[in-house]
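Novice: Residue strings, one per chain:
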Amino acid sequence: SQQGEEDPQALSIQEGENATMNCSYKTSINNLQWYRQNSGRGLVHLILIRSNEREKHSGRLRVTLDTSKKSSSLLITASRAADTASYFCATTDTGGFKTIFGAGTRLFVKA
Amino acid sequence: DAGVIQSPRHEVTEMGQEVTLRCKPISGHNSLFWYRQTMMRGLELLIYFNNNVPIDDSGMPEDRFSAKMPNASFSTLKIQPSEPRDSAVYFCASSRDRAADTQYFGPGTRLTVL
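Residue numbers (our numbering), protein chains in the order written: chain Z, 1 to 111; chain D, 1 to 114.
Derived by calculation from the structure, the hints in this document are not laboratory data.
Some hints could be false.
[Claimed, not checked] Taking lysine to aspartate or glutamate pairs in the EDC-like style, the calculated list, with each CA pair at most 16 Å apart, reads:
#1 Z/K98 / D/D101
#2 Z/K69 / Z/E53
#3 Z/K26 / Z/D66
#4 Z/K98 / D/D57
#5 Z/K98 / D/E44
#6 Z/K98 / D/D56
#7 Z/K26 / Z/E5
[What the hints assert, rightly or not] Footprint (simulated), chain Z over chain D, 3 or more residues, beta carbon under 8 Å:
#8 39-50
#9 101-107
[Stated by the list, open to error] Here are the simulated distance ranges between beta carbons:
#10 Z/R54 / D/K78: 41 to 51 Å
#11 D/S87 / Z/K110: 30 to 40 Å
#12 D/F74 / Z/T64: 24 to 34 Å
#13 D/R64 / Z/T64: 38 to 48 Å
Beta carbons are placed, not taken as given, at the ideal position from N, Cα and C, and that holds for glycine.
Can you build the whole structure from these sequences, using the hints too?
Specialist: See below:
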């Protein structure tokens, strides 16, 4: 089964609101990454958090990692219509050889 | 840098035909990945090369699928013979060193098998 599972599957919010997406995984990891995919495009890397880190920021993005619960969250603050996309978490095993992507969360930001 | 380049961007073929997808990774990247994305199965890793050597091909669905990386700047994914259930978007990605590093995705090839 997939390593990373996102929750919710879909999220619809108003522009200006915050969006929170969660990712759970099953086995120990080297790192966890979040990617964004706009419709019809390839995935774009957003942020990487290592297994020994608990929180990371990049612009309007905040990622947390709780290895005891095997979960991560991605927070997008002050969302914009341009944030409308699918967001995927990807976990890499401790050997650093295998990365598995979750099913993704589809975010729709209404202007 | 031009990013990961894939060709063709769209491919429509008939069942039974051979299909070859091509990928040029980012220069200097040592790892290359082929993924398949469908609505039903999401994004699946098909095969992962490191320094032109296949490291993990456990995701290759069956013998009809084959992948090669003859040099550091080129890879192919071949499907022979193609079937309608192979219809999907195929992505190539590369990373600087290992799978754990940030992966840079190409624009994908949308394959339709009639």
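Novice: Return the numbers of the hints above that this structure violates; sort them in rising order.
Specialist: Number 12 - this is the single hint that the structure violates.
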